[in-house]
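Visitor: So you can see what is in the structure, the chains are spelled out below.
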Amino acid sequence: MTEPDYLNSSYTLRSWFLTTDHKRIAILYFASLIAFFFIGGAAATAIRIELATPQADLVSSDTYNRLFTMHGVIMVWFFLIPSIPNTLGNFIVPLMIGARDLAFPRLNLLSWYLFVAGGCVTLFAIVAGGIDTGWTFYTPFSTLYSNSYVIIAVTGIFIAGFSSILTGLNFIVTIHRLRAPGLTWYRLPLFVWSLYATSVILVLATPVLAITLVLLATERFFGVGIFDPKIGGDPLLFQHLFWFYSHPAVYIMILPGMGVVNELISCFSRKPVFGYKFVAWASLAIAAVGFLVWGHHMFVSGQSLLASLVFSFMSFIVAVPSAIKVFNWTATLHKGSLRFDAPMLYALGFLGLFTIGGLTGLFLACLAFDVHATDTYFVVAHFHYIMVGGMVTAYFGGLHYWWPKITGRLYSEYWARTAAVLIFFGFNLTFFPQFVLGAEGMPRRYHVYPPEFQVWNVLSSGGATILAAAYLLPMFYLGYSLFFGSRAPANPWDAPGLEWQTSSPPPELNFESQPVVTRAPYQYRTDFTAEPQNA
Amino acid sequence: MPEGRGFAPQYASVQHRDEAAEIGIWVFLATELLLFGGLLFAYFVYRHANPAAFAAASRHTDIVIGTANTAILLTSSFLVACAVDALQAGARRICIMLLIGAMLLGLLFLSLKATEYAGEYHEHLVPGINFSFAPPLADGAELFFTIYFVATSIHAIHMMIGIAVLAALAIMLRRTASTRLCAALRTAALYWHFVDAIWIVLFALIYLPGRSGA
Amino acid sequence: MMGWRPPLVLVASWLGLLALLALTVTLAYLPFGSLNSTVAIVIAAIKAAIIAAFFMELWDRGPRLLIFAGAGLFWLGLLLWLGLMDFITRAPA
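Residue numbers (this note's numbering), protein chains in the order written: chain A, 1 to 535; chain B, 1 to 214; chain C, 1 to 93.
Bound conformation, chain A alone (with noise of 0.2 Å):
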C-alpha cells in the first residue's frame, strides 16, 4: 500500500475527537446514531411488550407517556434526520463529485459536537425523570400542565437544530462548489441531487423550529401566554410553526432514503437510473411543494375550513413527485440484469414499503377520511411504513452498499440477505395490523384498549420480536467484518460512480489525482458476471 488510508494515517483519540476528515467525521456520527439508535428502540420495545395485553400491566399510563415521548424524540432528532446525511453523505457525498472534504471541514466537526451535545442534553432529560408530552411538544400541555422535563429535552434539541442547519448549509456549498472538472449538474449522482433538496429543507426548516422551541421555553419558564388562550394566545399557533418545520422533517429524513435507492437499484439492475432529470427534479419538487402540506396534520384542530381544503390539496400534488420516483425505479428494473445481492433486496424491501406508506398518506390526506383516522393507528403506521419501513430499509441499504468502500473489508453476503429479508417480515408484521387496529379506531397513545383489538397487538408486538433481531444482526456481521472479513477490493460491484474510482478504504484525501468526469453517471457495463467476494 503506497499511501495509508484514513483508517490507518493515525490512531490516536485525537485523531479522531478533532479530526476534520469528512470520512472520520461520519464514523463518530455513525457510532452515535448506533447507541440513539439503541435507546429510541429499547423506548419501542417497552411499548410493544406493553400493548401485547390489553390492560395496563408492565407500566402505569404516566411511564406509558414518557416511553412514547422518548421513542419518538430520539428517533426523530437524533436517529432518522441524520441517519443518511450525516453518516452516508458525509462519507459518500465528497468522493462522489470529487472533492477532498466538505468545503467546511471544521463546521462539519463543529456539526457533530453539536449533535452530541445536544443528544446529551436529551438523554439528561430522559434519565432525570422523562418528557410526556409526546414528541409534538402541543402546548398548552407543555408549557403549562406538563410535569416533566420540557425546557431540557427542548433545549437539547434547540442544540441539535444547529448541527442539522451546519450540515445542511455544508453539503449546499460543497455540492456548487467543489464538484470534480466536467461535473456538471446532470452529471451528479442522483443521490447528490437528493441531499442538495434534503439540506435546503435542513437549511430553511430548522430555524423556524428553532424560534418555536424558543418561544415555547419561554412561555414555561416566565409563564406568559404566548400560546395560552387564557390571554387571547392561539395553541394553533404553535402547531402551525412546529409543523412548518415538522412535516418537511419528514422529506428530511424520505430524501436522502430515495437518493439510496437511486444508487441500489441502478447499481444492481446495470442500467442508468430510467428519467434521471425527472428524478432529479422531482427530489427538489418534494423539498418545495414539502413545504406546503404542513396544515394536513391540523384537520381536527380547528384551523379554518379553506385553510384545510389548501393543504388537503397540495398534499395530494405533493404525492405526485414521489409517485414520478416510484414509477422510475420500477421502469430502472424492467428488462434490468437483475442481481438480488443485500443492497437491492433492500431497495426492494423500500420500493414496497414506501409504496404503501405513500398510498396511505393520501387517505390522510384526504378531509373526510383524515376526520375518521387522526390520532389512531392508522397515522402511526402510514408515517412508520415511510420512516422505517422506507427511511431505515434504505439507510440499511445504502450501509451494505458502501459498507466495502467505508470500511475496506467484505461482509457475509448470507447473513445480510438473511437479515434484509428479516426486517421485511418483521416490519410488515409489526405495521400492518396498527392499519387494522387504526380503521377499526384505536387511538394512540393509549396503553390500554378494549380486548377486541388484542389479536392485532399480538401480531404487532410479534412482528416487532422480529424485526428488532433483524436489526440486531447486522451489529454481529457487520461488527465480525471488520475484523475477520476479506478485503474488499476498490470496486466490489463494478459500479462507475466516483467513490468507487478510489481504494477501499479511501486515502486521506480521497483521490490521488484529481478527477475528471467527462460522461453522464450510471453507465454500467451490463457483462458484470463476477461475484464480489472474489473480484
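Derived from the structure by calculation, the hints contain no laboratory data. Hints are supplied without guarantee of correctness; some may be wrong.
[Claimed, not checked] Beta-carbon label-pair distances, calculated as ranges:
| no. | chain 1 | residue 1 | chain 2 | residue 2 | range |
| --- | --- | --- | --- | --- | --- |
| 1 | C | Val42 | B | Ile129 | 30 to 38 Å |
| 2 | A | Thr12 | B | Ala167 | 30 to 38 Å |
| 3 | A | Arg519 | B | Val14 | 28 to 36 Å |
[What the hints assert, rightly or not] To be clear about the criterion: a stretch of chain C counts as covered by chain B if any three or more of its residues have a C-beta under 8 Å from a C-beta of chain B, and this derived list gives those stretches:
| no. | stretch |
| --- | --- |
| 4 | 11 to 18 |
| 5 | 25 to 38 |
| 6 | 75 to 81 |
The beta-carbon is built from N, C-alpha and C at its ideal position, and this holds for glycine as well.
Since the structure of chain A is provided, determine the placement of chains B and C on it from the hints.
Guide: Quick look at chains B and C alone, frame taken from chain A:
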C-alpha cells in the same frame, strides 16, 4: 494539508475558497431570516387578532430610543461597508478605525437597549416579571410585549456576536491583511448588514404602529 | 494610506437610509388610518432592499446569490401566506 498552500486541500485556489465562504454566509443568512420569520408570523397572527391592543402597546414603546438606535445601526452598517471597501483599497489602518467605530456604535445600541428595557420594567411592561396594563387591552398588550422582548433580545444576542466577530477581526487586522482576513471581513460584514436589516423591520413593527392614534 | 475616500454609492445609501428613517417616523404620526402600517412596512422593505443591494453588494453579484437571498424571502413568504390564511379565514367564533 500540502505545505506552502494558504488554503485547505479541497479548494483549487484562494478565490475558490472565498467564493465558497460567500455562498456559505448567504445560506446561513437565509437560515437566520427564517429564524426571525417565525417571530414575524407570530407577530402578524396576534396583531391580526388584537389590532387595538397592538396599537396601544406600541405607543408605550420608547420611540426616541428606537429611532436613535435605528440611526445608530444604519450608521454602523455604513461604517462596516466602508471598512470592507477600505481594506480592498489597501487602507488597513482606516479599515481598523472604521471597524472600531462600528463596534462602538454597536455597544451604544446595546446600552440604549438596556436603558429601554429598564424603563419598560419601571412602567410594568415586562410580561412574566412585572406586567400590568389598562384592562380591556391587557391581554393583547401582553402578547405584544412578549413578542417584543423575545424578538429584541434575540436581535441583541446577534448584535453581541457581531461585535465580538468585528473585534476579533480588528485585532487580527492589526498584524496583517491577508486575503483570508479580507474574505472573513466580507463575510462578517454581510452578517452585520443582515442584523441591521432585521432591526429595520422590527422597528417598523414595534415602534411605529398606533402613533397617529389617540 | 490616507488616500482612501468612502465610495459615493455607500454615502448615498447611508444618507438615503437616514432620510427614509426620518420619513417613516414622520409619516407614522400622520393619520392615514389603516394605511399607516402599510406605509411603515413598505418603507422598511425599501430600506432593507437598499442595505441588501448596496451594503451587501447584491447589485453586482451573479444570479446564484440572488437566488439564495431570494429563497429565504420566498420561504418566509410561504410561512406567512399559508400560516396567516388559517387565521384570516376562520369563521367567527
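Visitor: None of the hints should be skipped; say for each whether it holds.
Guide: Structure-based check of all given hints:
no.: 1; hint: C:Val42 <-> B:Ile129: 30 to 38 Å; in the structure: 35 Å, holds
no.: 2; hint: A:Thr12 <-> B:Ala167: 30 to 38 Å; in the structure: 35 Å, holds
no.: 3; hint: A:Arg519 <-> B:Val14: 28 to 36 Å; in the structure: 31 Å, holds
no.: 4; hint: 11 to 18; in the structure: holds (count 5)
no.: 5; hint: 25 to 38; in the structure: holds (count 8)
no.: 6; hint: 75 to 81; in the structure: holds (count 4)
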